[in-house]
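Generate the whole structure from the sequences, applying the supplied hints.
Protein chains: 2
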Amino acid sequence: MRDNLRINGDRLCRRLQELAQVGRIAGDGVCRLALSDEDREGRNLVVGWMRDLGLAVKIDAIGNVVGIRAGLEVGPPVMTGSHIDTVRTGGRYDGTLGVLAGLEVIATLNDAEITTKRPLAVAFFTNEEGSRFQPDMFGSLVYTGQLSLAEALATKGIDGATAGDELARIGYAGPEPVGRPRAHTYVELHIEQGPVLEAEGFRIGAVEGVQGISWSEFTLTGQSNHAGTTPMRMRKDAGYVAAEITVCARKIAQALDGYQVATVGALTLSPNLVNVVPNHVVMTVDLRNTDEDRLQDAERRLFDFAQRAAATEGVGLTRRPLARFAPVGFAPHLVGRVEAIARDFGLPVKRLPSGAGHDAQIMAAVCPACMIFVPSVGGISHNVEEYTAPADLGAGADVLLRLLLELAE
Amino acid sequence: MRDNLRINGDRLCRRLQELAQVGRIAGDGVCRLALSDEDREGRNLVVGWMRDLGLAVKIDAIGNVVGIRAGLEVGPPVMTGSHIDTVRTGGRYDGTLGVLAGLEVIATLNDAEITTKRPLAVAFFTNEEGSRFQPDMFGSLVYTGQLSLAEALATKGIDGATAGDELARIGYAGPEPVGRPRAHTYVELHIEQGPVLEAEGFRIGAVEGVQGISWSEFTLTGQSNHAGTTPMRMRKDAGYVAAEITVCARKIAQALDGYQVATVGALTLSPNLVNVVPNHVVMTVDLRNTDEDRLQDAERRLFDFAQRAAATEGVGLTRRPLARFAPVGFAPHLVGRVEAIARDFGLPVKRLPSGAGHDAQIMAAVCPACMIFVPSVGGISHNVEEYTAPADLGAGADVLLRLLLELAE
Chain A
37 MRDNLRINGD
47 RLCRRLQELA
57 QVGRIAGDGV
67 CRLALSDEDR
77 EGRNLVVGWM
87 RDLGLAVKID
97 AIGNVVGIRA
107 GLEVGPPVMT
117 GSHIDTVRTG
127 GRYDGTLGVL
137 AGLEVIATLN
147 DAEITTKRPL
157 AVAFFTNEEG
167 SRFQPDMFGS
177 LVYTGQLSLA
187 EALATKGIDG
197 ATAGDELARI
207 GYAGPEPVGR
217 PRAHTYVELH
227 IEQGPVLEAE
237 GFRIGAVEGV
247 QGISWSEFTL
257 TGQSNHAGTT
267 PMRMRKDAGY
277 VAAEITVCAR
287 KIAQALDGYQ
297 VATVGALTLS
307 PNLVNVVPNH
317 VVMTVDLRNT
327 DEDRLQDAER
337 RLFDFAQRAA
347 ATEGVGLTRR
357 PLARFAPVGF
367 APHLVGRVEA
377 IARDFGLPVK
387 RLPSGAGHDA
397 QIMAAVCPAC
407 MIFVPSVGGI
417 SHNVEEYTAP
427 ADLGAGADVL
437 LRLLLELAE
Chain B
37 MRDNLRINGD
47 RLCRRLQELA
57 QVGRIAGDGV
67 CRLALSDEDR
77 EGRNLVVGWM
87 RDLGLAVKID
97 AIGNVVGIRA
107 GLEVGPPVMT
117 GSHIDTVRTG
127 GRYDGTLGVL
137 AGLEVIATLN
147 DAEITTKRPL
157 AVAFFTNEEG
167 SRFQPDMFGS
177 LVYTGQLSLA
187 EALATKGIDG
197 ATAGDELARI
207 GYAGPEPVGR
217 PRAHTYVELH
227 IEQGPVLEAE
237 GFRIGAVEGV
247 QGISWSEFTL
257 TGQSNHAGTT
267 PMRMRKDAGY
277 VAAEITVCAR
287 KIAQALDGYQ
297 VATVGALTLS
307 PNLVNVVPNH
317 VVMTVDLRNT
327 DEDRLQDAER
337 RLFDFAQRAA
347 ATEGVGLTRR
357 PLARFAPVGF
367 APHLVGRVEA
377 IARDFGLPVK
387 RLPSGAGHDA
397 QIMAAVCPAC
407 MIFVPSVGGI
417 SHNVEEYTAP
427 ADLGAGADVL
437 LRLLLELAE
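Those sequence lines, one after another, are chains A and B.
Under this note's numbering, the residues of the first sequence are numbered 37 to 445, in order.
Under this note's numbering, the residues of the second sequence are numbered 37 to 445, in order.
Hints in this document: simulated from the structure, not taken from any laboratory.
Take the hints with a grain of salt, since some may be wrong.
Intra- or inter-copy, both count: the list cannot distinguish identical chains.
Capping the alpha-carbon separation at 25 Å, the derived lysine to any residue pairs in SDA-like fashion look like this [as the list claims (entries may be wrong)]: (1) 287 <-> 307; (2) 94 <-> 204; (3) 192 <-> 283; (4) 287 <-> 340; (5) 192 <-> 311; (6) 287 <-> 341; (7) 94 <-> 316; (8) 386 <-> 267; (9) 153 <-> 106; (10) 287 <-> 316; (11) 386 <-> 270; (12) 153 <-> 111; (13) 287 <-> 257; (14) 287 <-> 344; (15) 287 <-> 310; (16) 287 <-> 343; (17) 287 <-> 312; (18) 386 <-> 182; (19) 192 <-> 38; (20) 287 <-> 349; (21) 287 <-> 318; (22) 153 <-> 88; (23) 153 <-> 42; (24) 94 <-> 365; (25) 192 <-> 49; (26) 386 <-> 291; (27) 287 <-> 311; (28) 287 <-> 348; (29) 153 <-> 143.
Rendered as structure tokens:
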């Protein structure tokens, strides 16, 4: 009977719609920045649903909320969840799907009057997006002991507010010690936020891990000269070296096997005039790979090339590391189960990495963890046009239901 | 005796110093925008010197000023000159050297009581720089019939003022018909405004011509995507295509013989974020060559490459021509005489093109014309730090003196 159990897709979509009204912005988007008034209102709505579903709601000192459904046995719950804060011009599915699909699983089990052996829990973590307070994912970082509570509470937001003050103001500085309850396993359903599943005709992604990230800022200092009177051999063109680095980044991504990506997303040229050789460039390079050795290889190749190219042109080069995270691999047996369950359901499934960061990668430090992806139409996310078809939302929640049931037995 | 005649370098430098006080700005620079109060004051000073030297001063309807020294015969004068307007943060030598060296030649001839066969003339043309009114060099353009007087007078400046109104306001809307007096030949002494003469140890440049200029603006339209979740093969990265075009421009300049230069001076990326694939780039390409066929070849190669690169990436490309001037060659016999005279004086001399525009290239349309360059320290110009050593100023003026004497016989 448990194998035939399915979630109620309409009910899931209704909750998604209702939460999307909180902080709604033009174009059917959402703005619920962490610890804002809108975040409070969204939290109150979800906590209300948790209580309606009979969950015991625990709120910790950094505002992480965990709703627990008792099992036949006492012990660490099998946990699912995500986040309900959004970027400034966010969509309706990023984060909220994982939380509300968790509630839909609980509702389905309640309806079927099933009690699992292990407890189940649905969590939402504070400030996953990092749009208002840095670093992103600080709720799960504190929960897992990777960031101190004091440091997180002292964080200043982009508007000058302090995270601790804002947390108290919205009434979500809870009494639970951080890191409780410990999780038995953690499973997170999320939209892909990338184009791969849709483009290749898959409906479920079995996420193998999260790419490691290396962000660098290069500053190039050359010499501004007249574009007409300065022979090519006498130039120290910072813009030219920046272009060479940009082309090299692409070549490295193509040369390295697997999931290496490389992006020059920001680049500012000075003096930025048609007839003056640029003397100054600040540019960023974003390198990501699921494999730490390969990521280090990409970094080494790029930095070596940049130094050689700058030296050849007589341009000064400095590198400032902006961010560096090692790749996180999810528990192989869980990834395998996501894949197998999707196949059982007749859902085309692909193993793939996550290119974006998620609370699941933080949770992976303290318990076996995995993620389930569903397609993002056009790969669009962090955008009011973010969209996933209802059938895919439901399919993802069904896989989540089955996996949570297995893990809770 | 005429072969031993030399200008008075101290007197030349004193006049340069005195004119540099008009519109003086911090750092010993000068701001005398065309038809401003400072321009009027500078004009009054130079016109006063012309009259003191016995020149007949003619002012035409666009404010060009020509001071004429009678010869033994009546006819078109051998003309020298340049301009006395400056860019906003200009130096002391750009333009003014050519005008004041012309006056120094007159003073030297007056002292030596030499009357030439042909008349001599020293001119300064209105709005060479184009910093306040576009197009640049409109005084000489009107003088040579390449721009209508009405159009020039109607030009709106960057401050909203009209050229004709400003010309009348400062009292330099003169009675002479434009294009009079016709010139027999035109010789312009100017600072190089580039680094070549100094870097290679030359003291005189025999300018063979002025580079043709091709300015284009490219707009690249791709798709903004998440830098982590979008595989390389699915990207439409406008920034990457811009980098490829920048690298290609350098390769073309290196591949074409002679004086081809290529510069990507301005480039703006959107949305310009570290973790977003750029979807929009506006960039400029400045191509210059002394040879029109080669310049067209460079244009063709670059535009072809840009279209192929954009198509391969799936990025849209549009090109907007910003400016296009054909190269101008100076009269070969005059270039040869500059070279020969410099050698006679024991001055190391190099034939080279001008990378910047000058009134001489406009005058070349109506009479044989040439230019003499002297070194710019560090190639710096359009900058308060513009500098040429007094010995080089004097050497240039001596070459000018000898050439004018030859031409006026």
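Taking the hints in turn, this is what the structure says about them:
1. 287 <-> 307: between (28 Å within a copy, 23 Å between copies)
2. 94 <-> 204: Cα proximity of residue 94 and residue 204: one copy only (16 Å, versus 82 Å across).
3. 192 <-> 283: Answer is neither: 37 Å inside a copy and 42 Å across each miss the 25 Å cutoff.
4. 287 <-> 340: both (14 Å within a copy, 22 Å between copies)
5. 192 <-> 311: Classified as between; 22 Å across copies, 43 Å inside a copy.
6. 287 <-> 341: both (11 Å within a copy, 18 Å between copies)
7. 94 <-> 316: neither (52 Å within a copy, 46 Å between copies)
8. 386 <-> 267: between (54 Å within a copy, 14 Å between copies)
9. 153 <-> 106: within (9 Å within a copy, 114 Å between copies)
10. 287 <-> 316: For residue 287 and residue 316, the Cα distance is within 25 Å both inside one copy (24 Å) and across copies (21 Å).
11. 386 <-> 270: between (53 Å within a copy, 17 Å between copies)
12. 153 <-> 111: Answer is within: at 10 Å inside a copy they meet the 25 Å cutoff, but 113 Å across does not.
13. 287 <-> 257: both (24 Å within a copy, 21 Å between copies)
14. 287 <-> 344: Close inside one copy (16 Å) and across copies (18 Å); limit 25 Å.
15. 287 <-> 310: between (28 Å within a copy, 19 Å between copies)
16. 287 <-> 343: For residue 287 and residue 343, the Cα distance is within 25 Å both inside one copy (16 Å) and across copies (20 Å).
17. 287 <-> 312: between (29 Å within a copy, 18 Å between copies)
18. 386 <-> 182: So residue 386 and residue 182 fail the 25 Å test inside a copy (31 Å) and across (68 Å) alike.
19. 192 <-> 38: Classified as neither; 48 Å inside a copy, 80 Å across copies.
20. 287 <-> 349: Both ways: residue 287 and residue 349 sit 20 Å apart in one copy and 14 Å across, limit 25 Å.
21. 287 <-> 318: So residue 287 and residue 318 pass the 25 Å test inside a copy (21 Å) and across (23 Å) alike.
22. 153 <-> 88: within (22 Å within a copy, 110 Å between copies)
23. 153 <-> 42: within (19 Å within a copy, 108 Å between copies)
24. 94 <-> 365: neither (29 Å within a copy, 84 Å between copies)
25. 192 <-> 49: Answer is neither; intra-copy 35 Å and inter-copy 60 Å both fail.
26. 386 <-> 291: within (23 Å within a copy, 48 Å between copies)
27. 287 <-> 311: Only across copies: residue 287 and residue 311 sit 18 Å apart there, 30 Å inside one copy, limit 25 Å.
28. 287 <-> 348: both (19 Å within a copy, 15 Å between copies)
29. 153 <-> 143: within (17 Å within a copy, 109 Å between copies)
The structure does not agree with the numbered hints 3, 7, 18, 19, 24 and 25 stated previously, though it agrees with the rest.
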